[in-house]
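Produce the complete structure using the sequences and hints provided.
Each chain is listed here by its residues.
Number of protein chains: 2
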Amino acid sequence: MDVRSLVEELKETIDAERVSQNDTILEQHSKDESYHTPNLPDVVVFPKTAEEVSKIMKLAQKYKCPVIPFGIGSSLEGHVIPVKGGISLDFTLMNEIIDIREKDLLVVVQPGVTRTQLNEALKGYGLFFPVDPGADATLGGMAATGASGTTTVKYGTMRNQVQDLEVVLADGTIIHTGNMAAKSSSGYNLTSLFIGSEGTLGCFTELTLKVHGLPEYVMAARAVFQTVDDAVNAVVDVRQAGIPVARAELVDEQTMHVVNEHSQTDFPVKPTLLFEFHGNQSGLMEDVRLTKQILDDHNCRDFIYETDHAKRNQLWKVRHNMAYAFIHTYRGRKLMATDVCVPISELAGAIYHARKALFKSGIPGGIAGHVGDGNFHVTLMIDTNNAEEIARTKQLNKELVEYAISRRGTCTGEHGVGLGKKQFQRLEHGAAFDYMKKIKDVLDPNRILNPGKIF
Amino acid sequence: MDVRSLVEELKETIDAERVSQNDTILEQHSKDESYHTPNLPDVVVFPKTAEEVSKIMKLAQKYKCPVIPFGIGSSLEGHVIPVKGGISLDFTLMNEIIDIREKDLLVVVQPGVTRTQLNEALKGYGLFFPVDPGADATLGGMAATGASGTTTVKYGTMRNQVQDLEVVLADGTIIHTGNMAAKSSSGYNLTSLFIGSEGTLGCFTELTLKVHGLPEYVMAARAVFQTVDDAVNAVVDVRQAGIPVARAELVDEQTMHVVNEHSQTDFPVKPTLLFEFHGNQSGLMEDVRLTKQILDDHNCRDFIYETDHAKRNQLWKVRHNMAYAFIHTYRGRKLMATDVCVPISELAGAIYHARKALFKSGIPGGIAGHVGDGNFHVTLMIDTNNAEEIARTKQLNKELVEYAISRRGTCTGEHGVGLGKKQFQRLEHGAAFDYMKKIKDVLDPNRILNPGKIF
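These protein sequences, in sequence, are chains A and B. Residue numbering for the first sequence follows UniProt numbering, beginning at 1 and increasing consecutively. Residue numbering for the second sequence follows UniProt numbering, beginning at 1 and increasing consecutively.
Just so you know, these hints were derived from the structure itself, not from any lab. There could be a bad hint or two in this list.
In silico DSS-like pairs for lysine-lysine, Cα to Cα no more than 27 Å straight-line [as the list claims (entries may be wrong)]: (1) A/K438 / B/K394; (2) B/K11 / A/K55; (3) B/K210 / A/K210; (4) B/K48 / B/K64; (5) A/K123 / A/K154; (6) B/K438 / A/K440; (7) A/K31 / A/K55; (8) A/K437 / B/K55; (9) A/K356 / A/K84; (10) A/K62 / B/K103; (11) A/K440 / B/K440; (12) A/K356 / A/K422; (13) A/K103 / B/K292; (14) B/K84 / B/K394; (15) A/K440 / B/K292; (16) B/K103 / A/K356; (17) A/K437 / B/K64; (18) B/K440 / B/K398; (19) B/K422 / B/K394; (20) A/K55 / A/K440; (21) B/K394 / A/K58; (22) B/K398 / A/K437; (23) A/K438 / B/K437; (24) B/K437 / A/K440.
Per the computed footprint, the stretches of chain B lying under chain A, defined by three or more beta-carbons under 8 Å from a beta-carbon of chain A, are [stated by the list, open to error]: (25) 169-175; (26) 275-282; (27) 298-311; (28) 381-389; (29) 421-433.
Please read these numbers as outputs of a predicted model, since none were measured by experiment. Virtual Cβ for every residue (Gly too), placed ideally from N, Cα, C.
In structure tokens form, the structure reads like this:
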């Protein structure tokens with residue numbers, strides 16, 4: 001690839017200032033928040049419009065040059081690492097909230113808008129956007145990963161929130177995948193195909209997202225258990241009873257300890273469930289009463305309500321900062337998080353199996369997760385200079401994934417495939433994987449879109 | 001195509017008794033419930049397993065013979081009409097409920113199971129399957145159409161309910177598109193691609209579906225208005241207030257009149273909204289109170305609760321029998337239903353426009369719809385022997401569709417494309433339509449799967 005000519009042509013096509021080969025900028029775009037090995041892109045470009053992205057794509061085709069869309073680099077599976085160099089397409093300058101359609105409960109945003117930026121803008125309208133992965137990711141990145149988070153048990157994942165995408169395809173064509181109607185049976189559902197495609201099918205240049213009315217009443221609760229088994233079985237029964245919890249998170253005692261140290265909190269160092277309920281006050285009180293009853297049946301010792309806004313926020317801040325608490329506590333080590341998701345009936349068995357495997361591995365870590373969805377993470381703090389420890393970590397992840405897939409679960413509930421889950425795609429999807437490849441080949445015949453990811 | 005050899009080979013491949021060229025059976029498989037012109041298949045085959053479907057598909061490839069999956073023929077857009085002859089693949093014998101996974105709120109069914117059959121089986125578990133198009137369609141057909149119905153405003157469409165599909169592809173390969181975990185970010189979302197693909201990408205041989213706990217408490221309400229405008233604006237405000245209604249249906253005065261005549265009921269012949277609320281009793285009471293307040297602001301004269309189970313059922317039976325009421329009243333004419341869906345902010349304008357167009361056309365009919373989703377149907381009773389009237393009906397539909405698409409809506413909210421909406425695909429999807437075609441071509445290069453539909 002003649003990088004020099006490519007860069008010259010890029011500079012002629014859009015502002016030269018927005019085409020960078022500065023060392024610091026290249027280095028910033030070589031990595032994400034994962035343990036995967038960084039690799040430099042050849043050039044970083046900062047487009048401002050879909051038309052510019054289209055022009056860049058056509059140049060990339062001409063040079064058969066990889067294109068890697070980049071949000072803020074908060075991926076946990078190496079999605080944005082330019083493993084074969086090429087153009088890192090940074091969407092920082094496309095961060096405008098274009099339209100807030102209150103009546104339709106829809107917003108139109110550019111891909112570089114972050115979820116907290118959007119929620120800040122929505123506040124005044126009494127609306128909010130529910131999907132909350134830990135990081136303050138960009139909405140384009142979240143859609144590309146098929147992200148989810150703590151509120152998914154009630155509001156769903158990005159798949160449920162994206163109404164329409166404007167996508168620049170590998171050949172530079174700009175398409176819309178959907179419309180603004182609440183439902184449609186017209187043509188193939190391209191929106192869902194692109195969500196979770198991790199930049200391998202096209203680059204998103206505009207997203208229409210569903211938003212929700214702020215709930216009339218919110219209550220959080222903390223439930224402390226003697227054993228992880230009790231906590232997991234309790235949450236399974238709460239789901240089974242059809243109680244519409246808005247959040248249902250497990251934090252094990254190891255994680256609680258790290259969190260307390262880092263956040264100067266004094267939560268009991270016991271397996272804990274964190275709940276949140278959204279609704280009208282009287283309906284919610286009945287839900288909470290029923291939940292408490294179920295938890296009692298599973299030896300819950302403490303069930304503490306947090307109606308106060310500040311206390312509730314503290315609770316969820318702790319949950320969201322959990323990864324940082326681990327990183328802070330184990331300086332010099334890198335975080336690796338497993339991400340399996342299993343049918344809820346298999347959750348207790350899967351977590352039991354994971355805990356045994358974690359303790360046996362001797363690697364420092366803990367278990368936490370969105371147990372209301374059957375999704376949990378084993379956080380592992382690894383010394384990336386220690387080849388034997390890396391091998392042990394990978395073996396542990398492999399065991400967890402194989403266990404989950406054998407129970408009709410998935411290797412990744414929310415972090416995506418990226419580099420880390422490629423090896424499990426055939427096992428998980430079987431013959432379907434070949435047809436994913438065929439679709440990839442027909443939409444990106446020269447394989448310029450985020451090569452080396454998923455496949 | 002050498003039909004005789006094909007039929008011989010089919011008979012050798014599966015029981016000869018399940019390969020039929022009987023005139024009555026061919027005729028039954030030539031049509032659906034729509035106004036579209038019937039056409040005979042060459043042969044009807046009744047498979048019992050995915051493996052048999054795979055063998056049939058391989059034979060179809062050999063003979064380049066069309067394959068048209070057939071449920072119970074309740075389509076409203078000609079989906080199952082073998083416009084180019086071929087094999088009508090009837091799933092009547094694949095009607096087993098394979099597994100009810102209570103804890104996971106999932107069921108595994110064969111494609112020929114109908115929605116009432118499933119709900120009958122679920123009753124004993126305190127569970128139900130929410131999607132309810134008017135007809136007692138098969139679940140395979142509903143998934144293929146991307147069907148929805150009156151409860152979609154709360155529970156979503158088939159797209160939200162299908163967890164996994166077993167699909168026999170055009171080359172005979174059997175794949176699974178998903179798993180049983182509540183969420184996954186692993187690989188491309190093929191499940192959503194196949195839902196609504198109308199038999200053009202593969203044949204479903206097994207479905208894993210989400211089911212829901214029967215609500216603790218259910219209340220229905222009937223709200224009578226002086227004008228359609230008031231009724232529509234009221235429902236828009238109810239949605240905007242975030243009240244989680246389970247059903248929100250509009251029936252206009254023309255439709256109410258036909259319904260009363262047919263069902264021997266005496267509902268007021270006025271624009272009416274039918275609501276249903278699901279939840280715990282105290283939460284629901286608060287929702288109903290707030291709804292009534294909003295409706296009052298829109299000059300609602302009568303707001304009648306129906307808590308009684310029998311009365312509630314009567315109300316929804318009336319709603320579901322509406323099409324039959326029209327067919328019964330206008331004997332000799334055929335029903336044609338438009339199916340646009342618009343963003344909720346555009347609903348009042350769209351219905352106002354549709355009513356004007358309906359009255360101007362002079363064709364007997366009425367308006368009803370799932371207005372909570374912005375989806376409504378103009379029911380038109382047409383004399384299919386009158387070419388001028390058919391032309392007038394098609395023109396009316398075209399005007400409605402163009403209006404909807406110009407407001408970022410869709411030509412079909414739930415009936416699918418089939419034969420009737422093909423002409424609007426380019427207008428609605430723009431350049432994206434070319435890429436749908438590319439995906440079709442790569443999965444079905446010889447175009448044997450339900451040819452003549454969508455494209």
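Each hint tested on the structure:
1. A/K438 / B/K394: violated, 38 Å
2. B/K11 / A/K55: At roughly 56 Å apart (the allowed maximum being 27 Å), A/K55 and B/K11 break the hint.
3. B/K210 / A/K210: Holds: B/K210 and A/K210 sit about 22 Å apart, inside 27 Å.
4. B/K48 / B/K64: Holds, at about 23 Å.
5. A/K123 / A/K154: The given pair, whose Cα atoms are some 20 Å apart, holds under the 27 Å limit.
6. B/K438 / A/K440: holds, 11 Å
7. A/K31 / A/K55: Holds, at roughly 25 Å.
8. A/K437 / B/K55: Measuring from Cα to Cα gives roughly 24 Å; hence the hint holds.
9. A/K356 / A/K84: Answer violated: A/K356 to A/K84 is near 38 Å, above 27 Å.
10. A/K62 / B/K103: Outside the cut-off at roughly 53 Å; violated.
11. A/K440 / B/K440: holds, 13 Å
12. A/K356 / A/K422: holds, 25 Å
13. A/K103 / B/K292: holds, 19 Å
14. B/K84 / B/K394: Holds: B/K84 and B/K394 sit about 23 Å apart, inside 27 Å.
15. A/K440 / B/K292: Given that 27 Å is the threshold and the Cα spacing comes to 51 Å, the pair is violated.
16. B/K103 / A/K356: holds, 24 Å
17. A/K437 / B/K64: Holds: A/K437 and B/K64 sit about 25 Å apart, inside 27 Å.
18. B/K440 / B/K398: holds, 26 Å
19. B/K422 / B/K394: holds, 13 Å
20. A/K55 / A/K440: holds, 21 Å
21. B/K394 / A/K58: violated, 41 Å
22. B/K398 / A/K437: violated, 38 Å
23. A/K438 / B/K437: holds, 14 Å
24. B/K437 / A/K440: Distance of about 14 Å is within 27 Å: holds.
25. 169-175: That given contact holds, which follows from 4 residues of the stretch 169-175 of chain B lying within Cβ reach (below 8 Å) of chain A.
26. 275-282: holds (count 4)
27. 298-311: violated (count 0)
28. 381-389: violated (count 0)
29. 421-433: Held - the stretch 421-433 of chain B has 9 residues with a Cβ nearer than 8 Å to chain A, which meets the minimum of three.
Checked against the numbered hints above, the structure breaks hints 1, 2, 9, 10, 15, 21, 22, 27 and 28 and satisfies the rest.
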